[in-house]
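As they're listed, the protein sequences go chains A and B. Going by this note's numbering, the first residue of the first sequence is number 13, and it counts up by one from there. Going by this note's numbering, the first residue of the second sequence is number 356, and it counts up by one from there.
No wet-lab data here; the hints were simulated from the structure. Hints should not be assumed to be uniformly reliable.
Some chain A residues close to chain B (C-beta under 8 angstroms, calculated; not the full set) [unchecked claim]:
no., residue
1, 22
2, 26
3, 46
4, 47
5, 57
6, 113
7, 128
8, 167
9, 168
Covered by chain A, per the in silico footprint, the following chain B stretches (three or more residues, Cβ under 8 angstroms) [to be verified]:
no., stretch
10, 372-382
11, 433-447
12, 523-537
13, 594-602
Note that this is a predicted model, so its numbers are computed, not measured. Cβ atoms here follow ideal geometry from the backbone N, Cα and C, with glycine treated the same way.
Each chain, letter by letter, is given below.
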Amino acid sequence: MAMFASKPLAWISQGLLYALFALGIATFSSWPKYQNLPPDQALIKLSFTHSGKRVADCTQRTPAELAKLPPNMRAPMQCPRERSPVSVEVDLDGAPIFRHVAEPSGLSRDGASTVYQRLQASAGEHRLAVRLKDNARSAGFDYSRSATLTLKPGQVLVIDFDAEKGEITFI
Amino acid sequence: MSLPDAIRSGGLLVYRRLEHIFDAPFGAALNPWRNLGALGFLFFWIVAVSGVYLFAVLDTSSSGAYRSIDWLTHEQWYLGGVLRSLHRYAADGFIVVTLLHVLREFLFGRYTGFRRFSWLTGVPLLWFAYVSGIGGFWLNWDRLGQFSAVATAEWLDSLSIFATPMTRNFLTNAAVSDRLFSLLVFIHIGVPLLLIFGLWFHIQRISRAAVFPPRPLALGAFATLLALALAAPVVSQAPADLASVPGPLPLDWFYLFLHPLMYATSPGSVWALLAAASVLLFLLPFLPQPRQLAAQPIAQVHPDNCNGCRRCFDDCPYAAIGMIPHPNGKPGMQLAQVIPDLCASCGICAGSCPSATPFRSAGELVTGIDMPQLPIGALRQALEDKLAALRGDSKIVVFGCDQGARSDALAGQEVASFSLICTGMLPPSFVEYALRGGADGVLVTGCRAAGCAFRLGNRWTEERLLGAREPHLRTSVDRQRICIAWADPGEEQELHAALANFRSRIAALGAPAASSPMPLPDSTRTPPKRIAAHGHVRL
Numbered sequence: 013m014a015m016f017a018s019k020p021l022a023w024i025s026q027g028l029l030y031a032l033f034a035l036g037i038a039t040f041s042s043w044p045k046y047q048n049l050p051p052d053q054a055l056i057k058l059s060f061t062h063s064g065k066r067v068a069d070c071t072q073r074t075p076a077e078l079a080k081l082p083p084n085m086r087a088p089m090q091c092p093r094e095r096s097p098v099s100v101e102v103d104l105d106g107a108p109i110f111r112h113v114a115e116p117s118g119l120s121r122d123g124a125s126t127v128y129q130r131l132q133a134s135a136g137e138h139r140l141a142v143r144l145k146d147n148a149r150s151a152g153f154d155y156s157r158s159a160t161l162t163l164k165p166g167q168v169l170v171i172d173f174d175a176e177k178g179e180i181t182f183i
Numbered sequence: 356m357s358l359p360d361a362i363r364s365g366g367l368l369v370y371r372r373l374e375h376i377f378d379a380p381f382g383a384a385l386n387p388w389r390n391l392g393a394l395g396f397l398f399f400w401i402v403a404v405s406g407v408y409l410f411a412v413l414d415t416s417s418s419g420a421y422r423s424i425d426w427l428t429h430e431q432w433y434l435g436g437v438l439r440s441l442h443r444y445a446a447d448g449f450i451v452v453t454l455l456h457v458l459r460e461f462l463f464g465r466y467t468g469f470r471r472f473s474w475l476t477g478v479p480l481l482w483f484a485y486v487s488g489i490g491g492f493w494l495n496w497d498r499l500g501q502f503s504a505v506a507t508a509e510w511l512d513s514l515s516i517f518a519t520p521m522t523r524n525f526l527t528n529a530a531v532s533d534r535l536f537s538l539l540v541f542i543h544i545g546v547p548l549l550l551i552f553g554l555w556f557h558i559q560r561i562s563r564a565a566v567f568p569p570r571p572l573a574l575g576a577f578a579t580l581l582a583l584a585l586a587a588p589v590v591s592q593a594p595a596d597l598a599s600v601p602g603p604l605p606l607d608w609f610y611l612f613l614h615p616l617m618y619a620t621s622p623g624s625v626w627a628l629l630a631a632a633s634v635l636l637f638l639l640p641f642l643p644q645p646r647q648l649a650a651q652p653i654a655q656v657h658p659d660n661c662n663g664c665r666r667c668f669d670d671c672p673y674a675a676i677g678m679i680p681h682p683n684g685k686p687g688m689q690l691a692q693v694i695p696d697l698c699a700s701c702g703i704c705a706g707s708c709p710s711a712t713p714f715r716s717a718g719e720l721v722t723g724i725d726m727p728q729l730p731i732g733a734l735r736q737a738l739e740d741k742l743a744a745l746r747g748d749s750k751i752v753v754f755g756c757d758q759g760a761r762s763d764a765l766a767g768q769e770v771a772s773f774s775l776i777c778t779g780m781l782p783p784s785f786v787e788y789a790l791r792g793g794a795d796g797v798l799v800t801g802c803r804a805a806g807c808a809f810r811l812g813n814r815w816t817e818e819r820l821l822g823a824r825e826p827h828l829r830t831s832v833d834r835q836r837i838c839i840a841w842a843d844p845g846e847e848q849e850l851h852a853a854l855a856n857f858r859s860r861i862a863a864l865g866a867p868a869a870s871s872p873m874p875l876p877d878s879t880r881t882p883p884k885r886i887a888a889h890g891h892v893r894l
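With the sequences and hints as input, model every part of the structure.
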């Protein structure tokens, strides 16, 4: 029920409150500033989506096996759908910084394995080693790459896997 | 009282205090804290209109988006630049008033019973609002957009729902394709369209929804945003460069606070937090409620007394009344029908009913539509009884409501007080009836303007008493003997002061002139003896 007795006073107060609203909007639409990465750090992004090798080879069906199948499904080769998980290891300056086994996607485990990982590193020169294994039937890692790199502050280094060329890439 | 109820009550106390502080300069009707939903609509339309222009000039390619917006900001600052800033600031304002709107409705307990539908349809709108808002930052494709897009992609990928992770779209500059940008534009336009659709649902169960604030408030809010757009124009950061992480960023915390939260905790934590908040909001109407929020008996229609005038249909704030053919079979005649799920049990329909006049001669006053817990007939009887018991030089009848400041304490030797379900339940003829029955003045109170617990009760009452709405108070009634004093709960002292002031005014007026006689209801009814003794009524 309380109202300002004079209209000018009410208008001035309204103006001040509108200004306060504007100040609040202006302030929190840009302040405080946020820095995602400390200034002396660089970011290594390990990211790939890669289908591992099949867990078993295709086999030739015998005539007896083929005969048991409906006529429209008598494919001579039988290939298992399941793929190998993809293992990846990243070492920085000789120390392991990431170890992961990416399981194949899909209910039948026949899809691609996916990895995305942010790894922070201080800016400067580093020895980076990456190893990748995509075949459950092989011993050891199937692919590896190491390099000495100089990371600038704020730099993003992407580690990917080029399936066509069959190599780990540093971008 | 349980702890959640205590927290809600405490919060409501603080919120009401804040509203009252703002009532002083703005007036209750124009108080922004009482018009949050309507302000949300205003800000949304500012965003939509400015967005149409921005879309018209936006180059929707990944390489051209930044350039086109930067051109707009610097070369066409007087139009495009201002509209861009308005677009951003109105979006910020939209999220602020929307969140406050949710808080207000929660504090007032407006999420259960007949309001459940509006509450439940409002919850997903919060998600739409955030998706719409965050998506807008990406389109500019500057360092801020880059940061937000990457952070959002990382957050979404944590659910492993995409065959190809979203983050791979933002790994390198070459990975960001024009096709992806078209998709981002589609999201930024499509989700707001969903938001409009959702808003339409949200207000379906209320009639005369406040989808635009009162004009002075709308002008004030728009002028504020415009002034802000001119004083602090929104500018782009450096162009996006995915080969490096952006340095310190002027983050829009209204929308982008989720990103720092994610990096400070984990994507899973943010998902868990938002999912828990959403589930809690959804479940809130179904949780055990405090007694004061329990369902009340709904309005009842008495076909023999309903002439199908549609006033209750027009006045119901929740569209809870429909009209059906009258069972008496008279051609064209209609009958009001209450929709139980929508009825707020406010009694505003009873106040609008032309048959709810105490001057009717029927011994038992039955109205076309009435509230079982407080029938109009019982109100007339109580008024007659209390009028008869009044003593003193300035006898006052107070009609208050259960939702506003408590008027019970005003009752005394010279004051008869009635607390209705809502002041909107008061048929204006009761004011005349009280004056003719011996009262020297009638004070009507209820929630402050724009603060009616049932949305329109105080507005309809005021309009009816001013003769601007049916059923209206007859012009022959001396307006000097009527006082309207809106007061919220907790303002009992102010109400007391208003009554004291009114009594002084009444005393100065002296005794009322001999008024028209109050008709004797009928021969079967016992005449109200005290009214007869008072001398204003010819029996």
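Against the earlier hints, flag every one the structure doesn't satisfy and list their numbers going up.
6
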